[in-house]
Amino acid sequence: MSEPKKGPIRRFFGAIWRVYKGFRSTVLNLLFILIVGTIVIAMFSGEDEVKIADTAALVLNLNGDLVEEKRWVDPVSAAVNESLGAGEESPEMLVSDVVKVIETATTDNRIQAMVLDVSGLRSGSLDKMQRVGAAIEDFKAAGKKVFSHGAYFGQTQYYLASYADEISLSPMGAVILEGYGSYPMYYKEALEKLKINTHVFRVGTYKSAVEPFLRNDMSEAAKEANIAWLSDLWNTYKQDVSSRRGFDISNFDETYEALFQKLQAADGDTAQYAINNKFADNIATREQFRQKLIGIVGENDKHVYNHVGFDDYAKYAIANSNFVNPLTSKVAVVVARGMIVDGSAKSGTIGGDSTAALLRRARFDDKVKAVVLRIDSGGGSAFASEVIGQEITLLREAGKPVIASMGAVAASGGYWIAAPANEIWASPTTITGSIGIFGLLHTAENSLATLGLNVDGVGTTELAGLSSGLPLYQGLTDKAKDIMQLLIERGYTEFLTMVGSNRNMSVTEVDAVAQGRVWTGSTALELGLVDKLGTFDEAIAAAAEKAGLDNYDVQVITQELSPTEQMLKELFGSAQANGWLPQTQASPEQQMLQRVSKQLRQDFVILNQFNDPNGIYSYCVTCTVN
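Going by the UniProt record's numbering, the first residue of the sequence shown is number 1, and it counts up by one from there.
It is possible that part of the hints are untrue.
What the hints assert, rightly or not - Computed list of lysine-lysine pairs in DSBU-like fashion (alpha-carbon distance at most 30 Å, straight line):
(1) Lys145 to Lys292
(2) Lys144 to Lys302
(3) Lys51 to Lys315
(4) Lys262 to Lys278
(5) Lys532 to Lys481
(6) Lys223 to Lys532
(7) Lys481 to Lys193
(8) Lys546 to Lys367
(9) Lys223 to Lys195
(10) Lys193 to Lys51
Stated by the list, open to error - Simulated restraints, written as ranges between beta carbons of each label pair:
(11) Gly309 to His442: 45 to 55 Å
(12) Thr26 to Glu287: 44 to 54 Å
(13) Tyr256 to His442: 34 to 44 Å
(14) Ser219 to Ile176: 51 to 61 Å
(15) Pro326 to Arg244: 35 to 45 Å
None of these hints come from the bench; they were simulated from the model.
Beta carbons: idealized from backbone N, C-alpha and C, even for Gly.
With these hints in hand, go ahead and build the complete structure from the sequences.
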């Protein structure tokens, strides 16, 4: 008996299903072949030995952001994005790696010169660049010359280039030094158009973290506070650069009129303007610069001066293994970089539980005699900050001194986790303070009503539905708002009390310099919020001294990857580095869209990371410098 003939509709959808299954099978098979092929290549391919000529230049071609700790990136996603042309939106370099490379080159007799190629440097706070700069100064003190050549120097790039003995600019090049600013995006009017209600609970005259959701512009109080610390940073920048370049601090152009007059005198030639302003020493084409370096370190078979790039030299300079000598005493370093969130988090974000766990490892490690908490954070969850602070207190009670070393930013929750330390060290340009807390909640009752959506029901108490998010749909009652404000005020009092007890200050004294106000490290020292100004290395030395250590090793305590994560990291990292994955370049249109959407995504990623169980936060939005 033959099967009944299928109708046209069944045949049509059957054909679609067969095409779908074939497509799915093909994609999965290709992905499987790619992974297996990459594994095989990685297993049988050894890394080429780094070859360095007898006389060569180290090309410090930095690419990305200078950071204290790299954020965790899923290796598979990173490899796929790279192959599709997306790449890392913001690649990162460890400051410690850059410093180690320069220190190794300083004592390497083959390295006779350094070329600062800063064209790929995206961002780096002053304190980070000063650490790199100190290593460059040691390189120069060893009798080795440092050169920098480029077509365009932005403000961050130029600060590092100013450490060079000689700066060469391309004939059509430019140096633009614009100063520092803080320009958040404001959402009040947009939220009103969407009929989203914003409920804010805060303490602190200067606590401007929530202003973008309440206003269309920056308040006068926020402007007053922000211009103070921004001016401190800009003055430091000008003083550092002018002293290295040998011109007066008044040489910087801070108005369009001043810039126009100097450009007019140079007939609109931006390169000549840079020469006239002593920002550069000479104008040279790439070939002229190559010939200059060939005369110093010699020429290779590709008719380029003998050189080794940063990535290649790093393979030689930085040990691949994390061997820890089990016999020596240790000063442990725990890096706290990023937003502070409740629970556990990967590197690049400070999880209350995960960072506390790193500190706990140091507490129970008998070889660890002191701890340095390196902070680069604008804060976040108040609850998570307190969890970390409690672990620091336990370290001190265990007889292990703790030094809080502030990096670019240690504000709000970043200051909270620093306060319990034995001593707080900051850079003169550290952005700190911002002692204040807030609560933020958006409700959509008006928006839903406009769409004809309503939520209704009954509960045994007025509080029923609170934990399931009912206020999002129905809004907040006046009494609920009163309760939230009461909790915020209590949290602020606890913040002041904690700081006061650790800094030997009264609550009144802390409140006078708190109120959410942001300070630079230099001013914070005068106000008693930090103990000393100094570098990261000096903070480590201070921790060792407090522990009575003469001979010790520095051990960075980091989150341990699972065996699977480690394998994937090494596998796909090797595949990308060796060019085994296909790569395409993002179009100019794509790059423009990425820049336009970056601010929006940053702000709403921050909101998405607000996960404090009590809804109370200590975070500094305006601590981001543009």
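Hints versus structure:
At roughly 12 Å between alpha-carbon atoms, lysine 145 and lysine 292 fall within 30 Å of each other, so this suggested pair holds. Note on lysine 144 and lysine 302: the hinted pairing holds, with a Cα-Cα distance of about 24 Å set against a maximum of 30 Å. Distance check on the hinted pair: lysine 51 and lysine 315 sit about 11 Å apart at the alpha-carbon level, within 30 Å; holds. For the given pair, lysine 262 sits about 12 Å from lysine 278 by alpha-carbon distance, which is consistent with the 30 Å threshold.
Our distance criterion of 30 Å between C-alpha atoms is broken by lysine 532 and lysine 481, whose separation comes to about 41 Å. Between lysine 223 and lysine 532, the direct Cα distance comes to roughly 28 Å. Compliance with the 30 Å bound is thereby established for this hinted pair. Using a Cα cut-off of 30 Å, the hinted pair lysine 481 and lysine 193 holds, with the two alpha carbons roughly 23 Å apart. Of the supplied pair hints, the one linking lysine 546 and lysine 367 holds, its CA atoms being roughly 15 Å apart against a limit of 30 Å.
Of the pairs offered as hints, the one joining lysine 223 and lysine 195 holds, with about 28 Å between alpha carbons and a cut-off of 30 Å not exceeded. Proximity of lysine 193 to lysine 51 is assessed by CA-CA distance (about 62 Å); at most 30 Å being required, the pair is judged violated. Between glycine 309 and histidine 442, the C-beta spacing of about 48 Å keeps the proposed range 45 to 55 Å intact. Threonine 26 and glutamate 287 have their C-beta atoms about 49 Å apart, which keeps the hinted 44 to 54 Å range intact.
Look at tyrosine 256 against histidine 442: about 39 Å separates their beta carbons, and that is inside 34 to 44 Å. A C-beta distance of roughly 30 Å is found between serine 219 and isoleucine 176, which places it outside the suggested range of 51 to 61 Å. In this structure the hint that proline 326 and arginine 244 lie 35 to 45 Å apart at CB holds, the actual value being about 43 Å.
Consistency with the previously given hints fails for numbers 5, 10, 14, ordered from lowest to highest.
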